Amino acid sequence: MLATDMPSQQNEDFMTILARLEHWREQGAISPEQHSHLASLCRGEPFSLFLELNVLLYAGVLAFVAGLGWTVATWSQQLGDVLVLAILSAILAVCFWYCFSRAPAWSLAQTPAPSVLFDYVLYLGSLVWCIELAYLENRFHVLSGQWDFYLLATAVFFFFLAYRFDNRFVLSLALSSLAGWFGLTISHWPSHQDSAYRQCALLYCLLVGLGGVLLEKRGVKPHFFGTYLNIVANVLFWALLSGVFNRQGYWVWFLALLLACGASLAWGLTRRQFAFVAYAAVYGYVGVSSILIRGMTDAIIVLGYFVFTAVAMLVALVQIARHFGRQE
Amino acid sequence: MRLYDASSEETLRARKLLADWAGEGMLTQQQYRRLEQETVSELRTTNIFLRLILFLFTVIGVGAAAALFFVVFLSSPSEQGIGIFLLIFAVLCYAAAEVAVSQARLYRYGIEEALAVCSVAFLCAGMQAAFFRVAPYSPKPNGFQFLVPAAGAVFSLWIWRRFGFWYAFLAAMVFAVFLPGYWTSSHSAQHMIVALFYAIGLIAVAAVRSRHHFDCVEDDYSLVEALLWLGIYLAINLQLSSLDLGARLWGGSRAASEFARPFYWTTWVLIWVLPPVVLARGVRQKDRFVIAVGAIVAVLTLVTNKPYLGWPRHTWDPALLGILLTGVAWFIRRWLARGPGGIRGGFTAARLSGKDKQWLNASSAVLGLVTPQSITPSPQATNADVHFGGGASGGGGAGGDF
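Going down the list, the sequences are from chains A and B. All residue numbers for the first sequence refer to this note's numbering, where the first residue is -16 and numbers rise by one. All residue numbers for the second sequence refer to this note's numbering, where the first residue is 3 and numbers rise by one.
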């Protein structure tokens, strides 16, 4: 029989988690109550459907909003503006009434949602807000196509909702709306080139990063800081890489990329947030490689470079994993 | 057969559970520190981020080394020569993966995983180049060309058994999909053969799994069983197992005439029968993966039913589906919550593990960024002057192409 099929016959040290719990109880390391509770958890008694129900709710909200948006886009003329706006406004009003009437008192610290449905009702309201705003501008041209103002207003509104109701979904919507505002604003400029987008991306990083740091230092929803940091890191690395890929004047961007990689690596190692180590390794490798093999035509040198650097990266990462990254 | 000692894997599992329980306050920090000392494993593991980048750089290194070998030593090689060397690389990669585990005791470390994956890729490419000169899936394939995906499937299964990589099992399932194409041109027969492969696998896995309770091996088999259920469903759902899936789902139905009528309608019955069977199995076993697959195939049945019957789609169909999903989730949650202690039939809607919260927090941040772009489908051409959708600029769907 295979080793995995009958482990207990082949390995006397083999202990399932239930046997271990029994052993720890006998040792007195855990109390009988703890043993009973943890053993029943291991046996799936009770079995939690928390994650599955949340995923179902999320998928439901998403499918509903997709269908709503599609229906409004397709049938708005037949339905008429009044009916469309009435339906959208009614959904919006019900969602926000539900959230504001049931939300706990605001607190600087992390606040759990009053119910499982709460976060999804808020998310539904936020997405329906977007559809209604889009419909209003599309039909009535209230701001004469100035979409950047809508995006800025939406971002501000979503930031308010995210902080009022302590919701990461809506915080991400706010951050993406703000990024959209930056992007759309540039598209109105007479000559919007890559460099303009890059500068705006850096400005976005600066603004969001500083905002995140400031709020964290003041203790305002400090658990949001990770979301800010991850978004800022990715936008920053993309912006710097786009500068490194330039044919001219790329050295300053390359230097900035190295600095950013160093900072990301240091942050990741000291805070044990290994996503930042991964960012530094991947973005840094792409940037350095693009500089070093630029203009090379000899396949042997290029391939040799990849063999050598991949091995070097592996050695460095294994050392990092040994010293810092053992725990899951 | 397995490279890892069962007790080492079980120790690692116990260590993770301890961390989870301590995080949830079910153990004191003092208890956690003490028990942590008793769950020290000799296996060398790392976190998911380092694992991913170690995998990436190993693939880059191995791929570049193989290419460098061909460039330096084989200036104008024959196809067979390339194939033979690729087979040698497959052996070398596999041997290196074995050494990485047996000597360095790597466990889900990225490096040994990449080496094993590269060995499968080199094996298939090498066999193709060395023994079969005709391009794959050409109109006149070599009679024995099916040996390439067959070898890929068998070797992937071996790697799954030896190393325990679930994605190797998935790769074996994918290789199995290509096999019937070499044996018969009948699409119906191809679907049946693939479903039969998976059904045999399912019976075998269910038989072996029944001997394991509450150990780490059971978790592995749970995922594999879920994959097999999903595979069977995808093989029998004729609306999904097609390359032009998007066009079929949104543009119209797959012509029933493409298949024999009895076969077509039998598969329609089966796509309605399978979801409750899978869900019942998952609930009975209290198996998270199988329950998830049951829910997924139930949604897929609802999504593909209209194309199956040849009925037209409506723009409000997704909204109705959304209401149904939300309603089901809300009803189950309330029904469970009203049970004594919030428990009914051994199930609860309450959160019992810190991992669930971590998953939700991470996914909410990521999905909040990506969903605005995906929720608004492109408008239909029939209403040219009412044109909104896309949300390309990311602002919660309030995008630029209104």
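Hints may be right or wrong, so weigh each one.
Claimed, not checked - Chain A stretches covered by chain B per the calculated footprint, using a threshold of three residues with CB under 8 Å from any CB of chain B:
| id | region |
| --- | --- |
| 1 | 70 to 81 |
| 2 | 86 to 96 |
| 3 | 184 to 192 |
| 4 | 217 to 226 |
| 5 | 276 to 286 |
| 6 | 289 to 303 |
Hints in this document: simulated from the structure, not taken from any laboratory. Every value quoted in this text rests on a predicted model; they were computed, and no experiment measured them. Ideal Cβ positions, reconstructed from N, Cα and C, are used throughout, including at glycine.
Exercise. Which earlier hints turn out false for this structure, listed by number in ascending order?
Worked result: 1, 2, 3, 4
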